[in-house]
Amino acid sequence: MRPGFVLEVDRSTPPTLFHHGEGFRLERLPVGSRIVYPPEPLPVLPDIDGAIRHALLHPVDSEPLPALLSPGMRLTIAFDDISLPLPPMRRPDARQRVIEAVLDLAAEAGVDDVHLIAALALHRRMTEAELRHALGDRIYDAFAPRGLLYNFDAEDPDNLAFLGRTEQGEEVEISKRAAESDLLVYVNINLVAMDGGHKSTATGLASYRSLRHHHNVRTMQHSRSFMDQHRSELHSSNWRMGEVIRNAGVKIFQIETTLNNDTFPKPFDFLQKREWEWSLRDRSTYLGATKALRRTPDRVRRSIFQSVLAPHNLTGVNAGEVDAVHRLTTAKVLEQQVVHVEGQADILTMGLPYISPYNVNSVMNPILVMCLGLGYFFNLYRRQPLVREGGVLIMSHPTRWEFHPVHHPSYIDFFEELLAETTDPLELEKTYEQSFAEDEWYRHLYRTSYAYHGVHPFYMWYWGAHALQHLGGVIIVGGDPKTVRRLGFKPATTLADALEMATDVVGPHPSLTHLHAPPLLLAEVT
Amino acid sequence: MIADALTGQRIFITGSTGFLGTALVERLLRCAPGCDLVLLVRPGRRSSAAQRVQREVLRNDAFDRLRHELDDFDAECARRIQVVAGDVGVDGLRLDHEGREALASCHTVIHAAAAVAFDSPLDRAVEVNLLGPSRLAEALHAVGAVAHLVSVSTCYVAGNRRGRAPEIPVSDTPFGPDVAWRDEVTAARRARADTEAESRTPDRLHHFAKRARAELGAAGVPLLANKAEKLREAWVADTMVEIGRARARALGWPDAYAYTKALAEQALSETRGDLPVTIVRPSIIESALAEPRPGWIRGFRMAEPVIITYARGLLREFPGIPEGVVDVIPVDLVVAAVLDAVARGPVPGTDGPSPPPIVQVASGSTNPLHYRHLVDLVHDWFSQHPLYDAKGQPIVVPRWTFPGRGRVQGQLQRAVKVIDVAERSLATLPLRGGQARWAAGLEERRGDAARALGYVELYGAYAETEAVFGVDELLARWSTLDATDRATFCFDPRVIDWDAYVMSVHLPSVVEHARVRATPGGRSGRSRTERLRQRVLAPERQLAAFDLENTLIASNVVDSYAWLATRRLNPVDRARFALRALAEGPSLLALDRKDRGDFLRHFYRKFEGAPRAQLEEDATELFTWLLLTKSFPAGMRRVRHHRRLGHRTVLITGALDVVVERNLGPLFDDIVCARMGTVDDGRRWSGELLAAPPTGEARAQAMADYADAEGLRLEEAVAYADSASDLPMLEAVGFPVAVNPEVRLAAIARKRGWLVELWSKAPGGPRPPLPIGPVTRRTSFAAAADSERR
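Top to bottom, those sequences are chains A and B. Read in order, the letters of the first sequence correspond to residues 1 to 526 in this note's numbering. Read in order, the letters of the second sequence correspond to residues 1001 to 1790 in this note's numbering.
These are calculated hints, taken from the structure and not from any lab test. Among the clues, some could well be false.
Said to hold, decoys possible - Mimicking DMTMM-like on lysine to aspartate or glutamate, the simulated pairs with C-alpha atoms at most 20 Å apart in a straight line are: (1) Lys1761(B) / Asp153(A); (2) Lys1761(B) / Asp298(A); (3) Lys1761(B) / Glu427(A); (4) Lys1391(B) / Glu167(A); (5) Lys176(A) / Asp113(A); (6) Lys1761(B) / Asp113(A).
To be verified - Derived list of chain A stretches under chain B, where covered just means 3 residues or more per stretch with a C-beta under 8 Å from a C-beta of chain B: (7) 105-117; (8) 397-408.
All C-beta atoms in this analysis are idealised placements derived from N, C-alpha and C, irrespective of residue type, glycine included.
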């Protein structure tokens, strides 16, 4: 495994890969540009099930799981939802392996009151097929028909418990079943440094009443970045809430897993190779694939991409007390992802892939494009952003005026009505958030259908608030102009055009850094 | 002095609400301050005779000048004008006692009432034009008055002749047709009775019903019946027009107007007895030369629609003889000639059996306006002052080449026919939204072509008239006037400067009246759609009623049924189901077209025996994966917009309660839908509806009942629907909205100025190619019902 790497582009550098939605672009970057490559995948645990069992029996700062289980107790197992990991992993999913191990121990201990809850907060409910994929048929068939495996419902007042306020007055309201269980086992997948820790329960099982205290513009603008727990207001708030949950007597046994960044299956694994190391076969696969994709109808192309299952797998599993476990987990994530980069650039470029946490089996709508670029990718840094304050972000994505009517109904209205009025996160938050959050129709669709909560598009927009504040301009290469303008950004046809446009903001001869992701990395910018 | 002669006179005027009549009243009030007027006016359906005078005569801009000159216009009118209710189309004029007294008190009667449309139904023209003057004479006899009757006729009583047409009775001319006017009256009345009878034969009635259905679709019995009756009435009127035109032409007149006017003169000379009569025959009356102001005109006369149609570029050709004379006379000259006749009083020696004096007011013999010259003037004027199309571009007017009438008519008839066929075939295609609007645009084009054809048929003859109307009597009278009268009551056709009249008086006035775009550039401000939308979304609206299928969701009962029925089938059974459905397709379509209610019942029968709980569960999935996927986000947004504004929102649909109520409940305040009964203690569906499903006119009724129960007013209600079968519902409310309308509704919406919304499915969303449920591991309700029965 080779570590991450920063390449300085010279005349001999081959064109650089940009992800571009359900497709790719090869772009020649100006000489002198820097490309940040992620480290290569860490090795997978040699005996995954053994490692899981070991973690459960030898947890950190906690008694072994069997000691926490007793007949007649109420056990709740909460697990991360469809937004993790990206892309979805091959069967068996990490959650299935872990939960099967937990259920075995519970059965051995004679626990029979067990609930399994998909901790999806305000995300859409998982479908039967998705639950089966995440947990396996055995668990699904054993629990779902009896109503013991279900999606969390943050709008069900009868099944929420108010646990109190943090010292800063933030209200903590989470799943009643989880709060009133004798033991809450949380099973997570820690794909990026933002995930896990107290955020698992304090966010995943919380209601709007609770979430609004940290899912807001102020918090996001004070999280620099939200991938860096120690400089993230998002995390501070979640940790304060974790404290309240603990003090309320909720006993949590946290199980966290980390994955390597082996993102693309064969024969597309070259997408995570460095371009000059592409073999002849890689190159012809690339050519063939891009040519075929160009002739494939949008819908078919989307379903091809959405059916990709990543070969990534466990590099570690830790169980026990939340804070202790999360320290180990974070270290493992950083080991996989950190790349050292010296200094900021005037321009940051990135190619946005077809998937974000909120469009698994769905449509990457323009708001999710904004969130992926300005929210997730921009924040893949520690210390300081890859691009200087007032610099320009250039991202590549088709950015079509497309929405999934079942999954993202409130997004459609947010985009077509609100963004036509303003793109200012503060203004949106102040004027419109409440009406969307409390809209009866959105609430109905969230609870009974498969829709993201009415307020969710606001959160997506807030996720980019720090970047919006920091940047001097955003350009989308290859995006639908009308859509891009609605987002408040500038459309460009080619990267060359975009660079030309960027000089208006950052001046001539700008420095440029390209974030070569996915696979994901975390830039330590000094 | 004319004004002096009129002082102290009471003048009885018919036709004061018309073009000439209004001008007469105005001139008498303004230039003959010593006379009083009695106006005979037919009461309207909703307004009295006096109200009609106020609204239709005195408020006309002809009186602006007088209103300005007088201190108290209203008082002056009240003092000098008496209004009596009556009708010249009826024997005895339908005068009451007061009316008869008023008539008896008058010294002069000016008869200016006429059915002036050249395409009036024959019997109407006969009753008003032919019999009107004789009825007046009879009425005068009846009240024992010997007033001077000045009857307004037309030069065109001379018929389609070439050469001189002097001021003598028609019967005295060499080729005057020898017809008995009484026989013509009888024949016209019988033609009406026959046509009415013919229109009521089963064949005809069937035909009207068929056409009504073709136009409106399955709109429900009352609306279709209404439409069929309107079609019948229209057919009778058209037939009577056709009969009139044919009879007139057979006798040598261009149309029923000239024909009935000619016979009227004949009838009047026979029936007048010793009543003194003067007949004034104007030619084509057009806008005023000077009085009350240059260019004053009332209503759209004969030439105006043709001119405007030409200026809009729609009349590529028009028949006519280039060197022929278009005999036009400004209205103020006619008024002056009439008042001169009134002032002169009866001409001694013209009572009794001798023919009455006849004065022609025409320009052709002394100051001819040649057809080519007129056409050139109009062309030049519109080249300098073009009208503008919807995009704000100037319209270029064509140059006419004066082909024969037959050729122009043939071309236009073919055009109408082609558009007609295209329109009818488009109407059978399942077009919606933008395409449907485009198709509906064809109807407008056909309307334009049909109108052009109508003008050619109606007025072509006038552009081809080669008669030259003599004005010897007129000029003789003119020569006796002193300078004051000549200045105040000018009727000398020789004073007209045609170039100036056409270019700076008539055409500007016509364009101003036509409400056409005469300024360049694109539209500024909000578009019509936006204005309509704003009215629909005004806070004072009270109710918003929505149709479901194709209004909020691009799906229908069949899709839903197929989805539910296949949800739990294995692949083999699915294929079998699909084949069966395909085979059933055509008969289903026919059933739907015939009666929506039967169609729904047919489908809902299929749910017989389905387990209730299972169907409810499936319905939620159906809602997500079929209905939401095919929903129009803008439509959903609109419902909620209405709710935010505090309007009541109600969904009115023939869809099943099990599907819509649970899943769409939170979107609306209320839902009116089809309700299915249950059996087995509510465990299974019966397949039968508890009440008639809300479709067609039942839907309008359901909405009306709902509004009634909730105390909401339909005039303040908005209704959204997509097809002509929803017409009863759309027509019932004050603010109808056509959503993605199919061709028929698009045409209706365009005609009536309804808001049209084009809503689409979420772009990029999944598009299931077939309405078939995803495979699950459970059994279908159909199979479950089967096994249960076994």
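_Restraint status (C-alpha distance of Lys1761(B) to Asp113(A) at most 20 Å)_ = Violated, at roughly 45 Å.
*Per the coverage rule (Cβ-Cβ under 8 Å, at least three residues), is the stretch 397-408 of chain A covered by chain B?*
Since three or more residues must qualify, the claim that chain B covers the stretch 397-408 of chain A holds, with 7 doing so at under 8 Å.
*asked:* For Lys1761(B) and Asp153(A), compute the direct alpha-carbon distance and say whether it is at most 20 Å.
replied: violated (28 Å)
_Between the alpha carbons of Lys1761(B) and Glu427(A), is the straight-line distance 20 Å or under?_
violated (29 Å)
*Is the straight-line distance between the alpha-carbon of Lys1761(B) and that of Asp298(A) 20 Å or less?*
holds (16 Å)
*Decide if the proposed pair is consistent with the structure: Lys1391(B) and Glu167(A), CA atoms, cutoff 20 Å inclusive.*
Not OK: Lys1391(B) and Glu167(A) at ~65 Å, beyond 20 Å, violated.
*Please count how many residues of the stretch 105-117 of chain A have a CB within 8 Å of a CB from chain B and say whether that reaches 3.*
Since three or more residues must qualify, the claim that chain B covers the stretch 105-117 of chain A is violated, with 0 doing so at under 8 Å.
*Take a quick look at whether Lys176(A) and Asp113(A) sit within 20 Å of each other, Cα to Cα.*
Given that 20 Å is the threshold and the Cα spacing comes to 15 Å, the pair holds.
In this structure, the earlier hints numbered 1, 3, 4, 6 and 7 are contradicted, and the remaining ones agree with it.
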